[in-house]
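**Student:** So you can see what is in the structure, the chains are spelled out below.
Number of protein chains: 2
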Amino acid sequence: MSRRSGILEFAVLGLLRESPMHGYELRKRLNTSLGLFRAFSYGSLYPCLKTLVQQGWLTEEPGTPPEDPLSAPLTGRRGKIVYRLTAEGKEHFEDLLAQTGPDAWEDEHFGIRFAFFGQTSRDVRMRVLEGRRSRLEERLDRMRASLARTRERLDDYTLELQRHGLESVEREVRWLNELIESERTGRTSRRETAPEERSTQDKGGLPRHRGGTPPDPSEDTD
Amino acid sequence: MSRRSGILEFAVLGLLRESPMHGYELRKRLNTSLGLFRAFSYGSLYPCLKTLVQQGWLTEEPGTPPEDPLSAPLTGRRGKIVYRLTAEGKEHFEDLLAQTGPDAWEDEHFGIRFAFFGQTSRDVRMRVLEGRRSRLEERLDRMRASLARTRERLDDYTLELQRHGLESVEREVRWLNELIESERTGRTSRRETAPEERSTQDKGGLPRHRGGTPPDPSEDTD
DNA sequence: TTCGTCATGTAATGGGTTACATGATTAC
DNA sequence: GTAATCATGTAACCCATTACATGACGAA
Chain A
1 MSRRSGILEF AVLGLLRESP MHGYELRKRL NTSLGLFRAF SYGSLYPCLK
51 TLVQQGWLTE EPGTPPEDPL SAPLTGRRGK IVYRLTAEGK EHFEDLLAQT
101 GPDAWEDEHF GIRFAFFGQT SRDVRMRVLE GRRSRLEERL DRMRASLART
151 RERLDDYTLE LQRHGLESVE REVRWLNELI ESERTGRTSR RETAPEERST
201 QDKGGLPRHR GGTPPDPSED TD
Chain B
1 MSRRSGILEF AVLGLLRESP MHGYELRKRL NTSLGLFRAF SYGSLYPCLK
51 TLVQQGWLTE EPGTPPEDPL SAPLTGRRGK IVYRLTAEGK EHFEDLLAQT
101 GPDAWEDEHF GIRFAFFGQT SRDVRMRVLE GRRSRLEERL DRMRASLART
151 RERLDDYTLE LQRHGLESVE REVRWLNELI ESERTGRTSR RETAPEERST
201 QDKGGLPRHR GGTPPDPSED TD
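Just so you know, the sequences run in chain order A and B.
Its first residue numbered 1, the first sequence is counted upward by one per residue in my numbering.
Its first residue numbered 1, the second sequence is counted upward by one per residue in my numbering.
Please note that a few of the clues may not be correct.
Because identical chains share one entry, a pair is satisfied inside a single copy or across any pair of copies.
Unchecked claim - Derived SDA-like pairs: lysine to any residue, alpha-carbon spacing no greater than 25 Å straight-line:
1. LYS28 <-> GLU108
2. LYS28 <-> ASP107
3. LYS28 <-> GLU138
4. LYS90 <-> LEU147
Think of the hints as simulated: they come from the structure by calculation, not from any bench.
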């Protein structure tokens with residue numbers, strides 16, 4: 001009955017800040033537009049919307065309300081419901097955006113935080129990116145230790161699994177390094193300033209979201 | 001009360017097949033030795049063990065039982081419990097190993113399946129790897145489409161998030177390709193046959209587990 | 001008029017975590 | 001003897017999914 005997930009809530013507020021939407025559309029954006037590789041179902045979305053309304057952060061409005069109140073007064077019976085961010089909701093979202101606790105750089109949270117970096121102040125961006133990086137570096141230490149231990153009683157596949165995981169994290173750290181550097185030197189996304197050099201391979205730009213092969217978004221996106 | 005997770009169960013059976021262990025140690029192996037980047041807590045492990053015992057797949061034995069029944073008959077009051085795979089358990093695990101349904105190549109499952117590839121027949125390995133690859137290729141299509149759509153109403157960070165996710169998946173596909181090729185030409189893990197060429201960068205070996213920066217194993221591993 | 005897709009919801013269930021509670025063993 | 005770590009377990013909660021139920025609307 002409570003459904004306060006943090007990440008879903010954050011994403012919903014963030015998307016609605018850009019423009020009002022109804023649930024169905026919201027879910028589609030959630031699963032594709034956002035870089036999140038994660039598919040939320042209606043079973044979590046609608047209850048979440050409900051509690052956000054109860055909090056006073058959203059309002060529900062009948063979708064495309066009848067211009068002529070007589071022509072379609074029944075439309076609201078079970079028509080679209082457009083959700084709109086309230087002033088309090090906006091304020092709340094900005095509070096969330098400003099937070100830089102450890103939550104901000106955990107795997108699940110980092111992606112969504114990053115997705116809204118466009119609306120985040122630069123110093124918060126830096127803290128999140130650096131927090132993320134040191135998080136990953138701790139992880140690297142542990143992985144390297146584990147790998148060293150495993151290497152003795154070697155099992156090819158297990159070993160390779162670990163090795164590859166390690167490499168993936170190393171790769172993400174390099175990304176973060178580039179990103180942090182870009183932030184420091186005040187970039188505006190290489191992609192726009194230098195559209196000339198762009199093959200298939202990465203060149204340097206922003207970060208790296210979270211990793212490799214995520215849960216899969218939008219399985220049934222449409 | 002039921003706790004039949006699939007992945008946890010599979011991992012437990014697989015680890016116990018190698019040797020009997022008690023829960024505490026099992027958890028450590030689960031979170032480090034295995035290439036899984038996922039930390040299970042006792043809150044899921046112990047109940048799982050219990051149901052596996054009920055299924056008849058495991059037996060519980062008092063750990064290092066008293067040689068002298070008089071010296072330490074009380075040891076069992078709350079001592080270690082060693083879990084051992086039964087014949088039925090072994091059989092069941094082998095059935096699971098042989099399965100190649102879609103479950104085998106979903107994100108969560110693929111990693112653990114791969115970790116036990118050493119005990120998996122080659123044809124099953126091939127099916128799993130190829131299933132995984134085509135799964136990822138579908139995903140690539142969707143991601144590319146989404147990226148193209150997003151590129152218009154560009155938001156630098158969102159765009160980069162998507163772009164990087166895409167690249168990560170592409171990278172995993174390349175890995176799978178190499179792995180599949182290796183399997184086909186009957187390899188024995190490049191690593192052992194050719195220890196000469198080995199810098200920091202990957203060169204070719206096995207797969208890639210699941211991706212980038214997983215949930216983090218062993219936060220409290222020890 | 002029926003089919004596909006848009007659209008909103010709920011109840012049951014799942015699969016896990018956290019926090020807690022307890023006790024044994026080892027090292028200092 | 002006391003602190004750390006090993007070791008087992010439970011209950012309460014969390015966050016989500018699945019399956020289901022309903023209904024509107026447009027196009028063939």
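**Student:** Would you mind marking each hint as holding or not holding in the structure?
**Tutor:** So, going through the hints one by one against the coordinates:
In the homo-oligomer, the alpha carbons of LYS28 and GLU108 lie at most 25 Å apart both inside one protomer (19 Å) and across protomers (23 Å), since each shortest distance falls under that limit. Within a single copy, LYS28 and ASP107 get their C-alpha atoms as close as 22 Å, and across copies as close as 21 Å, so both meet the 25 Å cut-off. In this homomeric assembly, LYS28 and GLU138 come within 25 Å of each other (Cα to Cα) only across copies, at 18 Å, whereas the closest approach inside a single copy is 35 Å. Proximity of LYS90 to LEU147 under the C-alpha cut-off of 25 Å is found in neither arrangement, the shortest distances being 46 Å within a copy and 28 Å between copies.
Violated hint: 4 only; the structure is consistent with all others.
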